[in-house]
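Protein chains in written order, with the numbering used here: chain U, 1 to 352; chain S, 1001 to 1338.
In short, the hints are calculated from the structure, not lab data.
One or more hints might be untrue.
Said to hold, decoys possible - Every beta carbon over 12 Å from chain U, so not counted as near; a handful from chain S, in silico:
1) M1049
2) I1066
3) N1161
As the list claims (entries may be wrong) - In silico lysine-lysine, DSS-like type, Cα no more than 27 Å apart, as pairs:
4) K134(U) to K87(U)
5) K36(U) to K265(U)
6) K1193(S) to K91(U)
7) K89(U) to K1131(S)
8) K87(U) to K1123(S)
9) K1258(S) to K1193(S)
10) K1058(S) to K87(U)
11) K1102(S) to K1193(S)
12) K1074(S) to K87(U)
13) K192(U) to K166(U)
14) K265(U) to K192(U)
15) K120(U) to K141(U)
16) K89(U) to K1123(S)
17) K1102(S) to K91(U)
18) K134(U) to K166(U)
19) K1278(S) to K1258(S)
20) K37(U) to K192(U)
21) K1234(S) to K1252(S)
22) K37(U) to K1102(S)
23) K1131(S) to K1151(S)
24) K1074(S) to K1058(S)
25) K1173(S) to K89(U)
26) K141(U) to K286(U)
27) K87(U) to K1102(S)
28) K1258(S) to K1074(S)
Backbone N, C-alpha and C define an ideal beta-carbon position, used for all residues, glycine too.
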Amino acid sequence: MSEPSSQKIPVTVLTGYLGAGKTTLLNRILSENHGKKYAVIVNEFGEIGIDNDLIIGADEEVFEMNNGCVCCTVRGDLVRIMDGLMKRKGKFDAIIVETTGLADPAPVAQTFFVDEDVQKNARLDAVVTVADAKWLSDRLKDAPEAKNQIAFADVIVLNKTDLVSKPELAEVEARIRGINPYAKLHRTERCKVALTDVLERGAFDLDRILEIEPEFLDAGDGQDHHHDHDHHHGHDHHHDHGHSHGGLKHYHDEDMQSLSLRSDKPLDPTRFMPWLQNLVATEGQKILRSKGILAFADDDDRYVFQGVHMMLEGDHQRKWKDGEERQSRVVFIGRELPEQAIREGFESCIVT
Amino acid sequence: MKEFDPGEAPSIASIADKVRVLPVGMPVASIHFLGDTAVFVGAEENAAMANKAGEVSKVAIHGGAILCAVSDGKRIITGGDDGKVVALNAKGEPSVLATDAKRRWIDNVALHPDGAFAWSAGKTAFVRSGKGDEKSFDAPTTVGGLAFAPKGLRVAVAHYNGVTLWFPNMAAKPEFLEWAGSHLGVTFSPDNKFLVTAMHEPALHGWRLADNRHMRMSGYPGRVRSMSWSVGGKGLATSGADTVIIWPFTSKDGPMGKEPAMLAPLQARVSMVACHPKQDIMAAGYSDGTVLIVRLEDGAEILVRRNGSEAVSALAWNAKGTLLALGTEDGDAGILEF
Chain U
1 MSEPSSQKIP VTVLTGYLGA GKTTLLNRIL SENHGKKYAV IVNEFGEIGI
51 DNDLIIGADE EVFEMNNGCV CCTVRGDLVR IMDGLMKRKG KFDAIIVETT
101 GLADPAPVAQ TFFVDEDVQK NARLDAVVTV ADAKWLSDRL KDAPEAKNQI
151 AFADVIVLNK TDLVSKPELA EVEARIRGIN PYAKLHRTER CKVALTDVLE
201 RGAFDLDRIL EIEPEFLDAG DGQDHHHDHD HHHGHDHHHD HGHSHGGLKH
251 YHDEDMQSLS LRSDKPLDPT RFMPWLQNLV ATEGQKILRS KGILAFADDD
301 DRYVFQGVHM MLEGDHQRKW KDGEERQSRV VFIGRELPEQ AIREGFESCI
351 VT
Chain S
1001 MKEFDPGEAP SIASIADKVR VLPVGMPVAS IHFLGDTAVF VGAEENAAMA
1051 NKAGEVSKVA IHGGAILCAV SDGKRIITGG DDGKVVALNA KGEPSVLATD
1101 AKRRWIDNVA LHPDGAFAWS AGKTAFVRSG KGDEKSFDAP TTVGGLAFAP
1151 KGLRVAVAHY NGVTLWFPNM AAKPEFLEWA GSHLGVTFSP DNKFLVTAMH
1201 EPALHGWRLA DNRHMRMSGY PGRVRSMSWS VGGKGLATSG ADTVIIWPFT
1251 SKDGPMGKEP AMLAPLQARV SMVACHPKQD IMAAGYSDGT VLIVRLEDGA
1301 EILVRRNGSE AVSALAWNAK GTLLALGTED GDAGILEF
């Protein structure tokens, strides 16, 4: 029997390249006085300085499901650990899964969608990526894993900002945005971030897909980072080649991009759903994350979906509010996305 | 969800009122009989021992979750997330048999009729003989299941992409039976001719040990978590579907090319199966709390417990087949005497 999602235990996936500060963040989460108890699945024992009998060592064993879907790789060790942890249900409030610096977050995320028993008891809350402000730009050039982790993230903790100058910080942020303009970005020193900014985010909760707008740097540090929202209307994507808009640099990453589609006219569900399913079935290896809010013709409900590679989940979310603009918006983050084909496919689903 | 209403279903006999309810007060992970004492192994920390009079006494056996348990009728061996392998005897005395040096979870345990036992932590399987010699074997990936062969000292170690047959007392190279995927449970047929694994995906895989021929047993809507050999090893009863699925093992080809028997359908998933030790009957527990006794020959059913709770998580017969004990995920427990 499936538990209502509110009773499922939230799982935060903590990624980040070697040395970015994952362990620092983990120690902060565990030592802060929040009255919550976390079960932590780590890949290296001994780095956590906190005594907790719910710290479990994992082996990051990935295997392919025998269903012929190449994207259906899951973390078998997580399935086993979740099974064991569920025997201690009630002894902890949430689970944090730390991955190794070289890990691809996808198999971890997919485990929470594919495995029936895991899905019954737990829900993926968010993928949090810790990035090193000083070295990330270099890693994005030479480490595909680092790029994957940025592209996959719901929350990016840009750490060690005290080790870089303001222009260097702007540079690394622009590079992050060139890959993933949608993640929440927090600048930190020693991972000092409010825990509410990294935990209980509900990033995979369909009910919490409210809007899909790129997140840009706020102007809080006195720099003029205002951006023009109009720039992102229509079929925008983030292909600006290092030029700047009012002080904000944009970068186009060579192989990882986001693609945003939008329509003010309603979509035909009988065309859109097969198109989307076929798209992720054929191009799912390239598409790391997808998300959408859809206005279907003759439907008073907002339809929302989100996906990881080939896995999609979607549902009617709520009624469109009076006066709310019935606009469809779809976003893909991925590698070498077949942009033209995706745009044309999306256009063909618009009711004319 | 189907309600059992004797008025609407007059064909099913009920002995539900004969079940003695036991106050074990904890989710039950498994049940094992030590003589006529039913031992309910909890999901964490404790075991509850119930004697024939229905008196329950609790014994602390682990410092956390109890991840696995096995019994030979004389003692129960359990593994926990406290890194300990613990034995519990019929007097209710626990003893620590082994402690993992790195305090890793003990994921699997197995017990040999001659007193040897095996356990695994991570990728390593260990065997300690009745004389106390300890040997270990490193599997290529985390061990998903362990089982002793009915004859000789041979251990099946299930892992990703197959099963390794390890002979702890021989220098011979372990034998590897390959099949892609994650293998989680493993069992030898009582006649030692077949080996069957329960996979992460909803299917079983089997090998005929004489020639390592593959047997694929699929079609389940859910993962198979419970397997039980019927008396004489004639069939392998399994959970995972909304009927009990029993694969025939009477011919030399095992279930190859044959259809399984599908008995006792309900609008709930079978969660536990336990075949009677002497007769061709079995007990089946369901995800809605129902327990039935099913005659294997014709599928005739007797109601032992009505639905209306969490899933049945444990079922066991005593060695004589005169007592049946049951337990659920939400801590209901009972025993029935025949």
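How the hints compare with the structure:
{"no.": "1", "hint": "M1049", "verdict": "20 Å, holds"}
{"no.": "2", "hint": "I1066", "verdict": "7 Å, violated"}
{"no.": "3", "hint": "N1161", "verdict": "8 Å, violated"}
{"no.": "4", "hint": "K134(U) to K87(U)", "verdict": "42 Å, violated"}
{"no.": "5", "hint": "K36(U) to K265(U)", "verdict": "46 Å, violated"}
{"no.": "6", "hint": "K1193(S) to K91(U)", "verdict": "44 Å, violated"}
{"no.": "7", "hint": "K89(U) to K1131(S)", "verdict": "39 Å, violated"}
{"no.": "8", "hint": "K87(U) to K1123(S)", "verdict": "22 Å, holds"}
{"no.": "9", "hint": "K1258(S) to K1193(S)", "verdict": "17 Å, holds"}
{"no.": "10", "hint": "K1058(S) to K87(U)", "verdict": "18 Å, holds"}
{"no.": "11", "hint": "K1102(S) to K1193(S)", "verdict": "37 Å, violated"}
{"no.": "12", "hint": "K1074(S) to K87(U)", "verdict": "26 Å, holds"}
{"no.": "13", "hint": "K192(U) to K166(U)", "verdict": "18 Å, holds"}
{"no.": "14", "hint": "K265(U) to K192(U)", "verdict": "44 Å, violated"}
{"no.": "15", "hint": "K120(U) to K141(U)", "verdict": "39 Å, violated"}
{"no.": "16", "hint": "K89(U) to K1123(S)", "verdict": "26 Å, holds"}
{"no.": "17", "hint": "K1102(S) to K91(U)", "verdict": "22 Å, holds"}
{"no.": "18", "hint": "K134(U) to K166(U)", "verdict": "11 Å, holds"}
{"no.": "19", "hint": "K1278(S) to K1258(S)", "verdict": "25 Å, holds"}
{"no.": "20", "hint": "K37(U) to K192(U)", "verdict": "20 Å, holds"}
{"no.": "21", "hint": "K1234(S) to K1252(S)", "verdict": "11 Å, holds"}
{"no.": "22", "hint": "K37(U) to K1102(S)", "verdict": "23 Å, holds"}
{"no.": "23", "hint": "K1131(S) to K1151(S)", "verdict": "18 Å, holds"}
{"no.": "24", "hint": "K1074(S) to K1058(S)", "verdict": "18 Å, holds"}
{"no.": "25", "hint": "K1173(S) to K89(U)", "verdict": "42 Å, violated"}
{"no.": "26", "hint": "K141(U) to K286(U)", "verdict": "18 Å, holds"}
{"no.": "27", "hint": "K87(U) to K1102(S)", "verdict": "21 Å, holds"}
{"no.": "28", "hint": "K1258(S) to K1074(S)", "verdict": "37 Å, violated"}
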